[in-house]
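In case you want the letters, here they are:
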Amino acid sequence: MSELDRFRDDVRAWIAANYPPSLREPLRVDSPDTPWGGRKTRYLNPDVQVWMDRMAAKGWSTPEWQPEHGGAGLTPERARVLREVLAAAGCRPPVISFGLMMLAPVLHEFASEEQRRHFLPPIARGEIRWCQGYSEPGAGSDLAGLKTRAEDLGDHFLVNGQKIWTSYADQADWIFCLVRTNTESKHGGISFLLIDMTSPGIEVRPIQLISGKSPFCEVFLTDVRVPKQNLVGKPGEGWKIAKRLLQHERANISTHLQTGLGGSPTGRTLAELARSYAGERDGRIADAHLRDAVARHEIRSEAIALTLRRVQEESGKQGPSALSSITKSLGAQHNKDKHELMVEILGLAGLGWDGAPFTDEEVEVCRQWLRSKGNSIEGGTSEIQTNIVAKQVLGLPD
Amino acid sequence: MALVLDQDQTLLRSTATQFARDRLPVANLRRLRDTGDATGFDRDAWREMAELGWTGMLIPESLGGNGFGHFGLGLVLEALGRTLAASPLFSTVVLAGTALELAGDAEPARDLLRQIASGDTVLALAHEEHPRHRPFAIATTARRDGDGYVLNGRKRFVIDGHVAASLLVVARTSGADDDRRGLSLFLLDGAEPGVSRHRLRLADSRNSADVQLSDVRVDRSALLGEVGAAGPVLERVLDVGRILLSAEMFGAAQQVFETTLEYLKQRQQFGVPIGSFQALQHRAVQMYTEIELARSVLHAALTALDENGATDVPRLASVCKACVNDAFHLVSNEAVQMHGGIGMTDQVDVGLYLKRARVAEATLGTTAFHRERYAELQGF
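Residue numbers (the numbering used here), protein chains in the order written: chain A, 1 to 398; chain B, 1 to 380.
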């Protein structure tokens, strides 16, 4: 038996002994049991925390990371085996967080070793939850127009300004922030700063969205003192780091959208919803228009899923794929279309806001339809993405 | 599943692209059209394609082929699609070759497969009976008569039907219209008494013919495979056809998109290239997106054809044809619009791509047909 096979057996045995049976059902999109980690997050199912802690103790949440960074230092081959066995056993990810998906890659690339040893382990273990302080009221699509000021006062920065559309700022322990350390140069005056949300002078206000939910917040920073060692990279390098981080964010959003390609909030397919709301005739969705619309949507879902797979294959073989620039806006539009179609299928029941006789599924269809409108705005609007593709991929002139 | 090309595949595609550019540029199609060429394709080029091994790609080595497979042939058709190259590859190698491979274990079928591989014959599948694709709406009958059969009926839009040496005819030996059962496959000499062929002139200037069968008497040996058992064979032949026609369409869609993109960068109005206008940029990105989606499904579908026992071929064939139809439809329309007035002239090629797009879209199923089929296959 090869060394890798032995490792495979070990992992299988460990999972059999340690995976909480209550987590066997796959995690649904936007579930309250999403393992965000952090000090404030509460789960419906306490086993989410148990699984997170057990994986963290092995360093297996981030298997390739070095042990001093909170990983297990596994070789790529062993890490691949680990992932395969976890996937085959239907295990949920132990941690899903902005820290892991967005901040950690840029810390690996741009932070000092001291910073890496300090900030990475709590991300790997799911102890600290991060949020992203990018957009400002006056800096949306024109992100580099941001005005939040970080003044160098010798041993610390004094930060003043306002961030907006900060996802889950009310749930986060720390924020990674783009701040202006220099007003002379638009892009060159931006720096990347890590700030403890418990610092005096930070106020968080949730924003109520059209969906009735509040995943986004405003963050007000008033005379917040931030130690100098929390600056990642050099002063003025923030825009470079921010752009790299946005690539990770967009890749993430595409993957996130992919996992939700077909289903409803309760996991029923569009065809199942259509059958139950529009009726069936000879096994077919009775309404010919809906049947065609569902087929159209599912065909496109397949095409998008295959394209995302091709992006992964190409990235593996040829480095970053030009295609990744289209997947975010493509996925956003498709998700919006899916929610429009669900509301159409459910009729007025799909517009139930809350209370009897509406089912949880109906209310979620309504709320998520409204929430989906943000897909083509957050993380770079589809229009901005399209501009980027036109110029950088198709080479069209300014 | 390989969605990205390997080295051999990349090399094959570039050889084919070069061949299309040198031997069968769009000018070749114009010449065939403008001279009213009786054959409708270039026989010398066809001979060279056989020498390159393209006619034997789906045929095993034991019958003189090279078994390179569907993915390889798809890359060749994609390259030929770029220049709207007319050739019997699709009618003879893809449709007839697949039908013979599946239906006929008898010597006449094997002999024809050898002739296909060597490029020595042109064959046609005489199947459709309606202007809209209805694969099982077969009213042509084959009536038992002594030791043989008598065929009657009208076949329509037979690709290369007027020049094919032999015809593979789908006829009904039992059952009612639209019934998948009761279909049989017959091999007919094109010059058989009672066969009359009428060449059609379609907008795309490619070969198509109506074939009238009036009391055509054939031997028992003309029957390929079991009587009444051609339904499943036909399904597979059509799926292979849908996917490989998509490959050709995909090549054409890419080419007309690239031509249009180049035009956006060159054409000046208001003192700037029109490609600097955001309205046009965003539409160009939309085209690019649809093309890349089509590429992914095309590669997946071609891969599935080469996998033994792949069960998802019918579904992928419909996904593929639907996506490629839509991409080519969009791109061919936008190409004309973005070229402006010049795009309406016969002098530039974009109009030829538009014409080919619509003929190919309607061949072997429009997008609506494939959505309907997809829903059927997925059980809703």
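Because the hints were derived from the structure by calculation, they are not lab data. As the structure is a prediction and not an experimental result, all values here were calculated from the model. Each hint should be verified, as a subset may be incorrect.
[What the hints assert, rightly or not] The calculated DSBU-like cross-link candidates involving lysine-lysine, where the alpha carbons are at most 35 Å apart (straight line), are:
#1 A:K40 with A:K58
#2 B:K265 with A:K243
#3 B:K265 with A:K336
#4 A:K373 with A:K213
#5 A:K243 with A:K213
#6 B:K265 with A:K240
#7 A:K240 with A:K58
#8 A:K240 with A:K228
#9 A:K391 with A:K40
#10 A:K147 with A:K373
#11 A:K373 with B:K355
#12 A:K58 with A:K336
#13 B:K265 with A:K186
#14 A:K228 with A:K373
#15 A:K240 with A:K213
#16 A:K58 with A:K243
#17 A:K243 with A:K391
#18 A:K391 with A:K58
#19 A:K243 with B:K355
#20 A:K228 with A:K186
#21 A:K228 with B:K355
#22 A:K213 with B:K355
#23 A:K391 with A:K234
#24 A:K186 with A:K58
[Claimed, not checked] With the C-beta cut set under 10 Å, the calculated list includes, among others, these residues of chain B facing chain A:
#25 R154
#26 Q269
#27 G275
#28 S276
#29 F380
[Said to hold, decoys possible] Rough simulated footprint, nothing fancy, chain A against chain B, three-plus residues with beta-carbon under 8 Å:
#30 112–119
#31 294–305
#32 317–324
#33 355–361
All C-beta atoms, glycine included, are put in the ideal place defined by N, C-alpha and C.
- [ ] Please work out if K58 (chain A) and K243 (chain A) have their alpha carbons no farther apart than 35 Å.
- [x] Satisfied, since the Cα-Cα distance of roughly 32 Å is no more than 35 Å.
Open item on the list: Please verify whether K243 (chain A) and K355 (chain B) have alpha carbons no more than 35 Å apart.
Closed with: violated (44 Å)
- [ ] Below or equal to 35 Å on CA atoms is what counts here, so check K243 (chain A) against K213 (chain A).
- [x] This hinted pair holds, its Cα atoms lying about 29 Å apart.
TODO: Double-check F380 (chain B) for me: the hint is only fine if its C-beta lies closer than 10 Å to a C-beta in chain A.
DONE: holds (4 Å)
TODO: With a cut-off of 10 Å on the beta carbons, see whether R154 (chain B) makes it to chain A.
DONE: Status violated, d = 30 Å.
Task: Interface restraint verdict for G275 (chain B) against chain A (beta-carbon cut-off 10 Å) - done: Constraint on G275 (chain B) satisfied, holds at 4 Å.
TODO: For the pair we were handed, K147 (chain A) and K373 (chain A), check the Cα-Cα distance against 35 Å.
DONE: holds (27 Å)
Open item on the list: Against the 35 Å threshold, does the CA-CA distance of K373 (chain A) and K213 (chain A) hold or violate the hint?
Closed with: Given pair K373 (chain A), K213 (chain A) holds - Cα atoms ~13 Å apart, limit 35 Å.
Task: Pair hint K391 (chain A) and K234 (chain A), alpha-carbon separation not exceeding 35 Å - done: Answer holds: K391 (chain A) to K234 (chain A) is near 29 Å, not above 35 Å.
Open item on the list: For K40 (chain A) and K58 (chain A), compute the direct alpha-carbon distance and say whether it is at most 35 Å.
Closed with: Answer holds: K40 (chain A) to K58 (chain A) is near 23 Å, not above 35 Å.
- [ ] Starting from K228 (chain A), check that the Cα of K355 (chain B) is at most 35 Å away, please.
- [x] violated (66 Å)
Task: Given hint K213 (chain A) paired with K240 (chain A) - CA-CA distance at most 35 Å - done: Cα-Cα ~33 Å, so holds.
Hint violations for this structure: numbers 9, 11, 12, 14, 18, 19, 21, 22, 24, 25, 26, 30 and 33, all remaining hints satisfied.
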